[in-house]
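Asks: What follows is each chain in one-letter form.
Protein chains: 6
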Amino acid sequence: MSVLIFAPHPDDDLIGCGGSIAKHLANGRAVHVVYMTSGNAGSRVIDKTSLAQIREEEATRAAELLGVKNLTFLRHDDGYLKDTPELAERMINLVRQHRPEYVYLPHEDDGHPDHQETHRLVVKALAQAAGPWFQGTTGDPWAVPTVLAYEVWTPLRHVSYLEDITDVATLLRQALECHKSQLGEIDYWAMAYGLAQYRGVTIAPGRLAEAFTVISSPTSSFTAK
Amino acid sequence: MSVLIFAPHPDDDLIGCGGSIAKHLANGRAVHVVYMTSGNAGSRVIDKTSLAQIREEEATRAAELLGVKNLTFLRHDDGYLKDTPELAERMINLVRQHRPEYVYLPHEDDGHPDHQETHRLVVKALAQAAGPWFQGTTGDPWAVPTVLAYEVWTPLRHVSYLEDITDVATLLRQALECHKSQLGEIDYWAMAYGLAQYRGVTIAPGRLAEAFTVISSPTSSFTAK
Amino acid sequence: MSVLIFAPHPDDDLIGCGGSIAKHLANGRAVHVVYMTSGNAGSRVIDKTSLAQIREEEATRAAELLGVKNLTFLRHDDGYLKDTPELAERMINLVRQHRPEYVYLPHEDDGHPDHQETHRLVVKALAQAAGPWFQGTTGDPWAVPTVLAYEVWTPLRHVSYLEDITDVATLLRQALECHKSQLGEIDYWAMAYGLAQYRGVTIAPGRLAEAFTVISSPTSSFTAK
Amino acid sequence: MSVLIFAPHPDDDLIGCGGSIAKHLANGRAVHVVYMTSGNAGSRVIDKTSLAQIREEEATRAAELLGVKNLTFLRHDDGYLKDTPELAERMINLVRQHRPEYVYLPHEDDGHPDHQETHRLVVKALAQAAGPWFQGTTGDPWAVPTVLAYEVWTPLRHVSYLEDITDVATLLRQALECHKSQLGEIDYWAMAYGLAQYRGVTIAPGRLAEAFTVISSPTSSFTAK
Amino acid sequence: MSVLIFAPHPDDDLIGCGGSIAKHLANGRAVHVVYMTSGNAGSRVIDKTSLAQIREEEATRAAELLGVKNLTFLRHDDGYLKDTPELAERMINLVRQHRPEYVYLPHEDDGHPDHQETHRLVVKALAQAAGPWFQGTTGDPWAVPTVLAYEVWTPLRHVSYLEDITDVATLLRQALECHKSQLGEIDYWAMAYGLAQYRGVTIAPGRLAEAFTVISSPTSSFTAK
Amino acid sequence: MSVLIFAPHPDDDLIGCGGSIAKHLANGRAVHVVYMTSGNAGSRVIDKTSLAQIREEEATRAAELLGVKNLTFLRHDDGYLKDTPELAERMINLVRQHRPEYVYLPHEDDGHPDHQETHRLVVKALAQAAGPWFQGTTGDPWAVPTVLAYEVWTPLRHVSYLEDITDVATLLRQALECHKSQLGEIDYWAMAYGLAQYRGVTIAPGRLAEAFTVISSPTSSFTAK
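Chains as they are written, first to last, in the numbering used here: chain A, 1 to 225; chain B, 226 to 450; chain C, 451 to 675; chain D, 676 to 900; chain E, 901 to 1125; chain F, 1126 to 1350.
Just so you know, the hints here were simulated from the structure itself, not pulled from any lab data.
Where is the CB? At the ideal position from N, CA and C, for every residue including glycine.
Any given hint could be a false lead.
What the hints assert, rightly or not - Under 10 angstroms between C-beta atoms, here's a sample of chain B residues computed to sit facing chain E:
| no. | residue |
| --- | --- |
| 1 | Ala352 |
| 2 | Trp358 |
| 3 | Ala449 |
Claimed, not checked - Anything over 10 angstroms on all C-beta distances counts as not near chain D; from chain B, calculated:
| no. | residue |
| --- | --- |
| 4 | Gly267 |
| 5 | Ser268 |
| 6 | Ile271 |
| 7 | Lys273 |
| 8 | Phe298 |
| 9 | Leu299 |
| 10 | Asp302 |
| 11 | Tyr305 |
| 12 | His337 |
| 13 | Gly361 |
| 14 | Thr391 |
| 15 | Asp392 |
| 16 | Pro430 |
To be verified - Below, in silico cross-link-like pairs of lysine to any residue (SDA-like), each with a Cα-Cα straight-line distance of 25 angstroms or less:
| no. | chain 1 | residue 1 | chain 2 | residue 2 |
| --- | --- | --- | --- | --- |
| 17 | E | Lys1080 | A | Thr202 |
| 18 | C | Lys532 | A | Lys180 |
| 19 | A | Lys180 | F | Lys1207 |
| 20 | F | Lys1207 | F | Leu1190 |
| 21 | F | Lys1350 | E | Ile1103 |
| 22 | D | Lys744 | D | Trp817 |
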């Protein structure tokens, strides 16, 4: 069983579903993270090429710390993510190659344009990967059973799934702190931890949680024995 | 493990999630159906009391045919379903008494006012049943892990779960045909079967399906072993 | 009086409004179908050029069977429909050349990205064709009086018009079966017929219907004698 | 052929669709107006009973001026319009008694609570009047073919029908000025005329228009000869 | 200058806009809090009358600690808030009596039914209080210039105003801890503080913020000198 | 203090917020207008280059008449406004260079595609201009405190701010009449004036107003002394 995460920029995977990643890994599942961009616009002083390299190294360190073995950097231009046939075919191929049980992606109403665009691109790629279509692609069709949308810049209006991440919060914080180049301006840990506190209160006092919208759950699974 | 179905009128349970009911029963789960009204306004010639009695008998026959053992008729006035403290407390008590793993209810955007109101009443009752609140109620708090919204008069815009009901379709048709008093004006089987065909094509040729929105799925279940 | 249909792929015209096409033709109106793409991505084994040719031939056969005389293949790349000045000018020219009384297009909330994009492109072209604008275009301005949005992959939430297609259903099925290359994976007839059954029940038992949203109806027509 | 107008308060009929009323009358159709309330809360100095009487007289004078022969005052309490079985049955009866070809009502998103509630009540009554239901009602079932929603306090987001009211604007102004008790605080003519100017520009320079959403248009009418 | 807060239950004022209250008070404005219910359903063991009394005392202690001088308990039944003429007139009177510059209320999309209903009731009361209407009310008409909607159970999708509450956070925590009867089940401080951390990161590292939607801001204020 | 206006075409600035511009100028603020396109598609007989020149001259005359000193023509192709890195960087630079207190832009739901796209581009540029990001840009980060969305082709559903423009209406009309090339087909003054009448009635009889949605207002400003 494997898990495929789509993140607009390095660190969105951790803010949106880093605790879930840690829990999947703890249960022995392979986790693969696909970064749509390498966040190369996130500075006024470091040039794009250098910044992309720095952020990919930070993502790699965070992955090592968590135990994620498999990262893909699609290296689209940060701030200008666009649908192209090349990108679409790469995304279809990634889905068909990894054949994940679970996909995580940003939710539809996130206010950040790159997050919205990532949502659209992933939803489209999942549909296109599921059938015998698109000659330029490789691998057999694969329909992902479980698809979950996470929150980063805009909280979800309807939460349909909570992941209790209390026990992996310390590890998650260490992973997030690998993204040193980004921590000067915005305290991403305060952001992730604050929202996890807010979401966790509905489980029990003292719990931390990540919140999701269930976009898809496996056909006929609820009536199965 | 038990299943609790909320239906605005007798037959909505079958149209919206009758195949799912049959499958839960086949897997040995207890299914309980709560009818908000007994559909007592569904005629111009039969008086309300007589019609309610007829429709409750039809629902009882359909339940026997399927194997549903437990029906509750809340007997609110058809067409004028309203939130009252008495109704709310009864609904909280039903949730706490049955402690279901699964709840099924009409979806939020169904165009029929009684379906919309049932949606609101159930969502509210589930929240109120979950905590140590409402002195007039009995039973210990119970938070329902899985909540699924079904479609009757208005199809869902976003389907997040499909139930393959091909193998129970014949049984479902027989159950629906127990509602004889309602079949003169509207062909409910054509309605349910037509939509099941439309939903089933995305599973495989020849399949029939019921479609749902996942309102809630069990906390931390997706990362569990 | 003429009718202009915009379809994302060959066969969407039949699934969405094929019965309406047959009825317009039976009443002597010229029907023109514009295919945004030739569905050239709908296979993993047949190359794009060959598949486009096959699907255009299938569409041509279906058109002959129905009596549609006039097809236009815009041949945009399936899966990657995009707004460009060239496409926009061709669409404006088509509207001004045919001066249709009726336009049919996919509805705004259809879940398929090519359908959504076709909706946006057609709505925009209708506005641009209506006034004395866009130097690169030909023909006099034409404001289309009646514009109807049809449903394919996502049912409409609000239906404001029903077309009874019971009497042309057999013909429609034959036309849809001309699209042989596409029928292996998805049973499009089950899909169209299932939804037509569901929509038809609100007319009368045994009727089949296509459902639409009225985007525009002719100015001052409702008060006319 | 007859026309049935539902208005939350006296004068809403004129602001929302007064020009359309005048045009229907000019073409010989019977127009019937149903006022949900008599606007009895519209003052701090005149008591409710007196104000209701004044406003009903104003509505009667405006109706005489336009040529409307038939007014019904439901006399619900202004500001507190509520769904009750009695009101619902009266509304069903009105629809079945008049058997109108056209119904006009406030649109769904009007910001005024009484307008929203009128919308909900009328939509529900139209559905309930259409079938053989509700024993307490009289008259044979009647399904209204054309249903149009007008704008008063909140403009429509999507206009699907325009009525050119230029030629009846003077008459409409005279009718609106019959509502003397209401003209001190808000210049309703400026409101109606301003919006009619804004809506009319898309027809031609100098035209005035009322804008509507088409909620329902007659089944199969667009393909008829 | 005065500030009027509408809260569904005691403690919602603090969770939603308690920091703003503290800042208004620090700047010398009178703050008045209106509790729609006294939260009398928030227990299974304490009867409604006793619980209402306990929670009103807790609210009074929190108010004293913050410096709020003026509390109104409308004492509607917790969980069953409903629009009635009596409630509406009391709310209109409160607005006209206090003539506040600022009103705070729950936002429209809060998932808790009592919060949604409070939103609707306040928006309606503000409109009704603004004009010379409603004979049963007292006081001169008053149109509230600034109206802000706060978040409690569902975060806002669009934030149009942030209040920096870092400097009053300790005081706010002490005030919230006065609501002892409610702190056993849900850690409201974790909830409020978590969300304030999440909202504060967009101001600067280490800041805490309350987020709002601006429903109304004073006419012509942005162009004034 | 300065004001930055983003307009899809020359004249949208006047229709949407021309009265506000006049009032800002009267109070001594610098107003800068950025035209996304020069409206070069607005004719069938004048070629694009000539038309752009004519419309820029018309905009310049209108600006002189009002007293606007600073116009920027971005000269994107009318009807085909698109997000590109070059455009985005120019927009970020404009924001950082002018450091405006106020930004005005079309609202999100305007039915005209160029208006929608301008909305998206401006919202994105404001976010990108606010932080230390985007190496290709110049100037220090600047977060715009007040952001207001105006209405042109589609009225706002929720108005959160009104600007009383009665006293500058004559001047505004003169400015709008500078756009001679556009006045043949559509009476833009009737459009702007009609909507201003409609919006103005809620202030007082005889007033004219521009309506806005407040997208952003300055942090902590409402509690300040």
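Asks: Against this structure, judge whether each hint is valid.
Replies: Right, here's what the structure says about each hint:
1. Interface hint status for Ala352 of chain B: upheld, as the beta-carbon distance to the closest one in chain E is roughly 8 angstroms, under 10 angstroms.
2. The beta carbon of Trp358 of chain B is positioned within 10 angstroms of a beta carbon in chain E (closest approach about 5 angstroms), and the interface hint is therefore held.
3. Annotation: Ala449 of chain B was flagged as interfacial toward chain E, and the flag is violated, the nearest CB pair being 25 angstroms apart, outside 10 angstroms.
4. Not every beta carbon of chain D lies more than 10 angstroms from that of Gly267 of chain B, the smallest distance being close to 5 angstroms; the non-interface claim is violated.
5. Taking the minimum C-beta to C-beta distance to chain D, about 6 angstroms, the non-interface status of Ser268 of chain B is violated against the 10 angstroms cut.
6. With a cut of 10 angstroms on Cβ distances, Ile271 of chain B falls inside the contact zone with chain D, its closest approach being about 7 angstroms.
7. The Cβ of Lys273 of chain B sits about 6 angstroms from the closest Cβ of chain D, inside the 10 angstroms cut-off, so the non-interface label is violated.
8. Here Phe298 of chain B stays apart from chain D, with its beta-carbon at least about 19 angstroms from theirs, past the 10 angstroms limit.
9. Consistency note on Leu299 of chain B: stated as away from chain D, and its beta-carbon is indeed over 10 angstroms from all of that chain's, at 17 angstroms minimum.
10. Consistency note on Asp302 of chain B: stated as away from chain D, yet its beta-carbon is not over 10 angstroms from all of that chain's, at 7 angstroms minimum.
11. The beta carbon of Tyr305 of chain B sits about 5 angstroms from the closest Cβ of chain D, which is not more than 10 angstroms, so the claim that it is off the interface is violated.
12. Remark: the non-interface label on His337 of chain B conflicts with the geometry, its nearest Cβ contact in chain D lying 8 angstroms away (cut-off 10 angstroms).
13. Residue-level check passed: Gly361 of chain B sits 25 angstroms from the nearest beta carbon of chain D, beyond 10 angstroms.
14. Separation of Thr391 of chain B from chain D is adequate, the least Cβ-Cβ distance of about 31 angstroms exceeding the 10 angstroms criterion.
15. Consistency note on Asp392 of chain B: stated as away from chain D, and its beta-carbon is indeed over 10 angstroms from all of that chain's, at 33 angstroms minimum.
16. Taking the minimum C-beta to C-beta distance to chain D, about 31 angstroms, the non-interface status of Pro430 of chain B holds against the 10 angstroms cut.
17. Restraint check for Lys1080 of chain E and Thr202 of chain A: the C-alpha separation of about 18 angstroms stays at or below 25 angstroms, so the hint holds.
18. For the suggested pair Lys532 of chain C and Lys180 of chain A, the alpha carbons sit about 39 angstroms apart, so the restraint of at most 25 angstroms is broken.
19. Our distance criterion of 25 angstroms between C-alpha atoms is broken by Lys180 of chain A and Lys1207 of chain F, whose separation comes to about 34 angstroms.
20. In summary, the hint linking Lys1207 of chain F to Leu1190 of chain F is not supported, as the alpha carbons are separated by about 31 angstroms, beyond the 25 angstroms threshold.
21. Of the pairs offered as hints, the one joining Lys1350 of chain F and Ile1103 of chain E holds, with about 20 angstroms between alpha carbons and a cut-off of 25 angstroms not exceeded.
22. With a C-alpha separation of about 22 angstroms, the suggested pair Lys744 of chain D and Trp817 of chain D falls inside the 25 angstroms cut-off, and the hint holds.
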